[in-house]
Amino acid sequence: MAADGTLAVPTAAGAGSGRANTLQRFARRRSTIAFLMTLPLLVVVVGLVGYPAAYGIYLSTLNRRMTGFMEGDWLPTGLGNFEILFDSDTFWMVVWQSCIFAITAVLLKALIGFWLAHMLHHIPTKGQRKWRGMLLVPWVIPPALSTLGWWWMFDPSYSSINWILNIFAVPAVPWLGEPWWARASVIIVNVWYGAPFFMIMYLAALKSVPEQLYEAAAIDGATSWQRLRYVTLPMMANIISITVLFSLIVTFANYDIVRVLTNGGPRDLTHVFASYAFQVGILSSNIPRGAAVSLFMFPILAVCAFFVLRGVTRRNKEQM
Amino acid sequence: MSATAANRGIPGIYHKAGSLRAERRWALWTAYISLIIACIIFLAPPVYMLLTSLKSNAEISDLTLNPWLIRSPTLENYEAILGNPIFIRFFINSAIVTTCVVVLTMVISVLAAFALARMRFWGSQVLATGVFLTYLVPDTLLFIPLYQIVGGLGLLNSVWGLILVYPTLTVPFCTWIMIGYFASIPKELDEAALIDGASWSQMLLKIFVPVAMPGIIAATIFAFTVSWAAFVYPTAFVTTAESMPLTIGVVSQLVRGDTFAWGQIMAGALSAALPPVIIYAFLMDYYIAGLTAGATKG
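Here the protein sequences line up with chains A and B, keeping their order.
Going by full-length UniProt numbering, 165 is the number at position 165 of the first sequence; the sequence numbering is gapless.
Going by full-length UniProt numbering, 170 is the number at position 170 of the second sequence; the sequence numbering is gapless.
Keep in mind that a hint or two might mislead.
For lysine to any residue, the following SDA-like pairs were computed, each having C-alpha atoms within a straight-line distance of at most 25 Å [claimed, not checked]:
hint : chain 1 : residue 1 : chain 2 : residue 2
1    : A       : Lys317    : B       : Ile40
2    : A       : Lys317    : B       : Gln125
3    : A       : Lys126    : B       : Lys206
4    : A       : Lys207    : B       : Asn157
5    : A       : Lys207    : B       : Ile36
6    : A       : Lys207    : B       : Glu188
7    : A       : Lys130    : B       : Lys206
8    : B       : Lys206    : A       : Trp225
9    : A       : Lys207    : A       : Trp225
Source of the hints: derived by calculation from the structure; they are not laboratory data.
Please put together the full structure from these sequences, using the hints given.
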């Protein structure tokens with residue numbers, strides 16, 4: 001050790017003269033390397049998110065006259081698409097339905113997820129892994145495929161859910177036939193798919209609450225409700241808000257469940273923004289209006305994204 | 001005031017001590033009962049899909065039988081679906097798209113995350129935030145302009161179009177969690193490497209990648225499951241059966257005609273869901289780490 005140290009000193013001093021120059025070059029090289037390393041990411045972010053976003057805004061100001069690519073006859077109509085949409089009852093139905101769908105589904109997911117996370121946290125640690133493994137299965141199966149299974153369970157004549165309801169003498173439910181039941185079915189499937197995600201997030205958050213806080217609360221004679229209200233919830237507030245807002249974005253923009261389960265029917269009453277945009281833009285090939293429909297999601301998503309970002313930065317600062 | 005509180009507290013303690021065990025037992029029972037109910041509800045659809053896929057068509061269409069039981073299990077649906085060349089085609093398409101996207105994603109995000117986490121340069125902070133924001137952009141917001149762009153490149157109805165656009169789903173999140181993993185590696189480690197004269201590439205490949213292996217596995221699993229389950233893009237960009245990946249293939253091609261072959265549809269859906277489920281079963285801890293990393297790390 002001592003020999004190494006004495007040897008190292010003269011070499012360091014000797015290298016000192018040429019150092020400023022190499023250091024400078026080094027710094028310059030470092031930023032070029034960093035730029036090259038982030039270049040593919042920049043290409044993805046700018047080319048596949050930024051550019052399409054700008055292009056989508058441009059598209060939404062056009063009219064449908066020519067839907068062939070690059071035929072050059074897109075007649076600019078300014079905000080025509082938006083005006084037409086504002087005048088359309090179907091569009092307002094879509095707005096309404098998307099909001100009902102997203103808010104109800106996210107609330108239910110959050111409540112069920114929180115409850116299950118709490119229950120999982122209470123059982124002995126040894127068993128938790130097994131239960132968690134089983135409860136996360138709905139999240140693992142690609143939603144388009146598991147929704148097929150639900151579709152089959154909701155089938156008007158072969159519904160296995162109605163078969164169970166029959167045992168309890170409940171009359172058969174027209175799951176996908178009646179508008180309100182169809183809306184409920186879409187929400188049920190979405191909650192079934194999304195609740196495990198909330199459970200996992202909340203479980204991770206619950207585990208990060210220091211045990212001493214509960215001990216202190218217990219010494220102060222806190223009831224279990226008070227422990228939940230004054231220890232658990234404040235400690236988890238940030239994670240809860242991040243998860244809820246993130247899920248609000250994803251649920252609001254959901255497409256696959258509606259597409260597989262109801263495809264917008266009955267009578268276009270279960271369309272959400274995404275499925276309606278698909279219907280208008282791709283299937284009826286009115287691309288500009290489809291782009292306009294999906295752009296309507298943007299303000300709501302932007303507000304959610306802003307708060308998610310704020311929550312995440314705040315969390316990072318806390319951890320540092 | 002404290003005296004009265006203490007006075008009130010003392011009999012309370014005795015009272016509580018007796019009921020504490022009962023209360024705890026009751027809590028445990030509630031926990032187990034809710035977990036059992038949740039498990040039954042959460043697992044019912046996949047189990048019912050499995051049951052249906054093992055039944056013959058005659059048994060499925062017999063309304064007098066209990067749909068939740070199975071009389072004579074048969075593998076004929078699986079034989080039919082796995083012998084169906086178009087289903088195999090879907091599988092191959094999914095495998096090609098997913099493999100390419102996973103490799104692309106990991107290369108892009110590991111390189112970028114290393115640069116963003118370790119080489120502070122002009123705009124790196126803004127870019128990191130931008131990456132997170134793009135992660136929050138859902139695929140349904142931009143699929144129409146992307147449809148035009150992909151169409152303009154002549155890549156509609158081709159797996160290459162999908163390989164081009166899927167990174168928008170995977171890259172932001174993978175980069176974000178890799179930044180988190182890389183940032184958690186102690187600075188002393190790369191300082192030591194720099195002193196020993198390691199170049200940036202050596203530092204990345206010999207130190208960061210091995211140390212952040214759990215993160216890389218978690219990100220790979222994420223990229224895999226997302227591109228395997230992607231639905232909006234293939235539904236919009238692919239309308240010919242030969243280039244469809246599994247999700248939209250099963251949904252649009254097997255569900256056809258007036259009489260649905262439910263047994264086959266369910267067999268197809270389950271086989272299509274198998275790869276992510278297998279990965280989950282074997283790498284559950286990494287899977288969950290990746291899932292929770294988005295909000296708890298970074």
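message: With the threshold set at 25 Å, check whether the alpha-carbon distance from A:Lys207 to B:Asn157 stays at or below it.
response: 47 Å, violated
query: Given the proposed pairing of A:Lys317 with B:Gln125, does the C-alpha separation stay at or below 25 Å?
result: Holds, because 14 Å separates the two Cα atoms, which is no more than 25 Å.
message: For a C-alpha distance cap of 25 Å, please report whether A:Lys207 and B:Glu188 respect it.
response: 29 Å, violated
query: Holds or violated: are the alpha carbons of A:Lys207 and A:Trp225 at most 25 Å from each other?
result: Holds, because 18 Å separates the two Cα atoms, which is no more than 25 Å.
field: Pair hint outcome, B:Lys206 versus A:Trp225 [Cα-Cα no greater than 25 Å]
entry: 51 Å, violated
query: Hey, A:Lys126 versus B:Lys206, does the alpha-carbon distance stay inside 25 Å?
result: Between A:Lys126 and B:Lys206 the Cα gap is close to 36 Å, so the pair fails against 25 Å, i.e. violated.
- request: Given the hint that A:Lys207 pairs with B:Ile36, test it: the Cα-Cα distance must not exceed 25 Å.
  value: OK: A:Lys207 and B:Ile36 at ~22 Å, within 25 Å.
message: For A:Lys130 and B:Lys206, compute the direct alpha-carbon distance and say whether it is at most 25 Å.
response: 36 Å, violated
task: Given the hint that A:Lys317 pairs with B:Ile40, test it: the Cα-Cα distance must not exceed 25 Å.
output: Distance ~40 Å between A:Lys317 and B:Ile40 Cα, so the pair is violated.
Of the hints listed earlier, those the structure fails to meet are numbers 1, 3, 4, 6, 7 and 8, in rising order.
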